[in-house]
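Protein chains in written order, with my numbering: chain A, 7 to 442; chain B, 7 to 442.
Hints were generated in silico from the structure; no laboratory data involved.
Treat the hints with care, as some may be off.
Because identical chains cannot be distinguished in the list, a pair is counted as satisfied if it fits within a single copy or across any two copies.
Unchecked claim - Once the Cα atoms are required to be at most 35 Å apart in a straight line, the calculated DSBU-like pairs of lysine-lysine come out as:
hint	residue 1	residue 2
1	353	442
2	26	442
3	441	54
4	113	50
5	258	12
6	101	418
7	302	26
8	442	12
Note that the structure is predicted; figures quoted are calculated from it, not measured.
Number of protein chains: 2
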Amino acid sequence: MSAEIKLRRFSSTDADFDSKLKALLAFETAQDDSVDEVVANILKDVKKRGDAAVLEYTNRFDKTNATSLTQLEIPQAELLAALNGLPAEQRDALKAAADRVRSYHEKQLMASWQYTEADGTILGQQVTALDRVGLYVPGGKAAYPSSVLMNAIPAKVAGVEELIMVVPTPHGEKNQLVLAAAAIAGVDRVFCIGGAQGVGAMAYGTETVPQVDKIVGPGNAYVAAAKRRVFGFVGIDMVAGPSEILVICDGKTNPDWVAMDLFSQAEHDELAQAILLSPDAAFLDQVYASIQTLVKTMPRQDIISTSLTDRGALIQVRDLDEAAEISNYIAPEHLELSLEDPLAFSKKIKHAGAIFMGRDTCEALGDYCAGPNHVLPTSRTARFSSPLGVYDFQKRSSLIFVSSAGAQTLGKVAATLAYGEGLQAHAQSAEYRLKK
Amino acid sequence: MSAEIKLRRFSSTDADFDSKLKALLAFETAQDDSVDEVVANILKDVKKRGDAAVLEYTNRFDKTNATSLTQLEIPQAELLAALNGLPAEQRDALKAAADRVRSYHEKQLMASWQYTEADGTILGQQVTALDRVGLYVPGGKAAYPSSVLMNAIPAKVAGVEELIMVVPTPHGEKNQLVLAAAAIAGVDRVFCIGGAQGVGAMAYGTETVPQVDKIVGPGNAYVAAAKRRVFGFVGIDMVAGPSEILVICDGKTNPDWVAMDLFSQAEHDELAQAILLSPDAAFLDQVYASIQTLVKTMPRQDIISTSLTDRGALIQVRDLDEAAEISNYIAPEHLELSLEDPLAFSKKIKHAGAIFMGRDTCEALGDYCAGPNHVLPTSRTARFSSPLGVYDFQKRSSLIFVSSAGAQTLGKVAATLAYGEGLQAHAQSAEYRLKK
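Isolated chain A, as found in the complex (with noise of 0.2 Å):
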């Protein structure tokens, strides 16, 4: 592919910037109702028929020819041997990458807390992980390591006793550089299974898989459809859209650069979005240029290609100011600010994901080894919520001691209250500890 990327160019000034702007940025998750009915069926027989039904799926989807459940399990010393039958350099790199992924992560531990009133009275938060979490991971070609690093790092940062992992292994290929990943971050069993049968074993327990309360990572349609089936029996993680990057610049970062940080999210599937907003015409016209001459070097030019079309922007802005508004519109998961005292400017920023600051600041630092998650909020939904994090993996019970004092001034209001709600017994429970 050698034909010029048609890369969508307007400006916050064109008379219908709003509706384009909700236009470029409209994304809907049809949901496949016939993969939905082939999930529901799934987690149907994985719950009641346990091994033996996720031994079938496994067998059938992943061309496998196992005979129980347990010949899926790889044990510890095959994980050992995966890291240490790495080459030096990746091994090195994967644990200084998962070295300052823990030491961000233990930044974000939440602690019990407490505190006494005048009457006696005691209140707090009693802080506890969670006990068992499960970790998909995809098989094939989206089998990254790296992602196996940001969902167990966090987990057992939090305390959790015992992180169960899932990966598919198609005609029964392990990806060496995963179970490595494994090693390092400390996940306790792993077993090869995949799609909704993994999550069902994971969210019921079988035999031989132990029921966990929380299941997190990525996977594809089916995962996700799984992923959504059990959520409330036991937790998950979001159900992630197409990943999305906006740059912000000020025209004075290379070109190359700011256009090869675009292809870094571009390069990761059709579907993912990257844009650019300026204020500088002729920087946009820079970036345009070095877009239509590096991605001719990339590998991954197809994907790059149809990504920026389909989904990518170059977007002209009065002033950086307004580039910050349209940002807090956007609530992009990834936001690159690629100008002048960008430690300023982030106080503008009210909704995104991750905030990467600074024209050295490149995404892919972020991405592997800076430290903090890389499982961000996707579509817009940083409006609302939050990276993956070891709060996801801890959770508070509240605490209430009320002393005999208080019972007294508390027990009034709660009765007056609970009889204004036509509930007698909550009133009288706290009547009956007042002093006559």
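Place chain B on chain A using the hints.
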């Protein structure tokens, strides 16, 4: 109804205890497909036709005759009038409850943080509030002013700029206590809309109702189905199951008190669950007797009787340590520790929505005015989730500002890992930042 309540009674020493316990807790929220279809159509229509659709559904379902949505908005002056019109005792009780809820929730506020590494790289987390939140409040008999306080106050403490509330007013009848609670909690705008159309109006926005970023609050099956459907497009709190209480008692609390505490859960609805664990068989007998006597004095005795018969249980345990274990399996919404030194005992509790400690701390105090939230995880979801809190109305953005020196070390690690994953643009964007 004056027949004896046939309350389930068993012991942890029973051979089939595990399966009995499992059966007791089993609760399938069967999703009604016909409800879901009705809801899907209403949402589609509201998204497409905005005000006109909301107006039609409201007039039809709530038997009103409004000619515009503007008519359905309740002005602030009317909220204040409702507050001022309450009997002084109710007004003071509402205000006292609101003050305590606010003061507790202020302790939950998250703050931004950042740190600088030796090479000048800055990492951190920026915490911001959601812009606009929607609060659903049920109409009719389930309209609880305490619920308005518990949902609205954390949002306002978090710094949410605009809080929209919808509440159905069948035949135009408004609940003055609910309006008064909205005034106290600082709700910004109130619309007399309910059902799926109320959820849709807030999720998509109409000409009159502003679009929100997250919808919280309880509702009937239609509201729950609508929330599930708009989830992802906007945030939602969790879709709650029936309410539950678990009381652990050493046998030294007045059995009438414990019976009334069980009633205070059972009176909510027929599906509510109340369970008592005690090592003292004679005490279980006493509570059983108290239940039979006291239920006759309860205005809601039919509901209490059905709830206790269908879903209640008195369970004898070997000792209090075993009670803690069983409690951790149940992961109750409300847990009362009616025993000596409950603070020490609470350290054994891993999973619970709220822990009520000591013989004086009946659940009702927490429901109304102790301070912590009464919106709590039900149906064993306390294994992986938390009470509603300020943290549900704040979110985080990762901050990454890599120094020029940092880009040299991180760039090499990122490039190695990116090549390992076959993502060349990722690698190259990192390598561009390496100094030649």
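Consistency of the hints with the structure:
1. In the homo-oligomer, the alpha carbons of residue 353 and residue 442 lie at most 35 Å apart only across protomers (33 Å), although the nearest pairing inside one protomer, at 57 Å, exceeds that limit.
2. Taking identical chains as interchangeable, the C-alpha atoms of residue 26 and residue 442 are never at most 35 Å apart, the minima being 70 Å within one chain and 41 Å between chains.
3. Neither within a single protomer nor between protomers do residue 441 and residue 54 lie at most 35 Å apart by alpha-carbon distance, with minima of 54 Å and 59 Å respectively.
4. Taking the shortest Cα distances, residue 113 and residue 50 never come within 35 Å of each other, neither inside one copy (40 Å) nor across copies (43 Å).
5. Taking the closest pair of Cα atoms, residue 258 and residue 12 come within 35 Å of each other only inside a single copy of the chain (24 Å); across copies the shortest separation is 78 Å, beyond that limit.
6. Taking the shortest Cα distances, residue 101 and residue 418 sit within 35 Å of each other only across copies (13 Å), while inside one copy they are farther apart (59 Å).
7. Taking the shortest alpha-carbon separations for residue 302 and residue 26, only the intra-copy value of 29 Å comes in at or below 35 Å, while the best inter-copy value is 66 Å.
8. In this homomeric assembly, residue 442 and residue 12 come within 35 Å of each other (Cα to Cα) only across copies, at 33 Å, whereas the closest approach inside a single copy is 82 Å.
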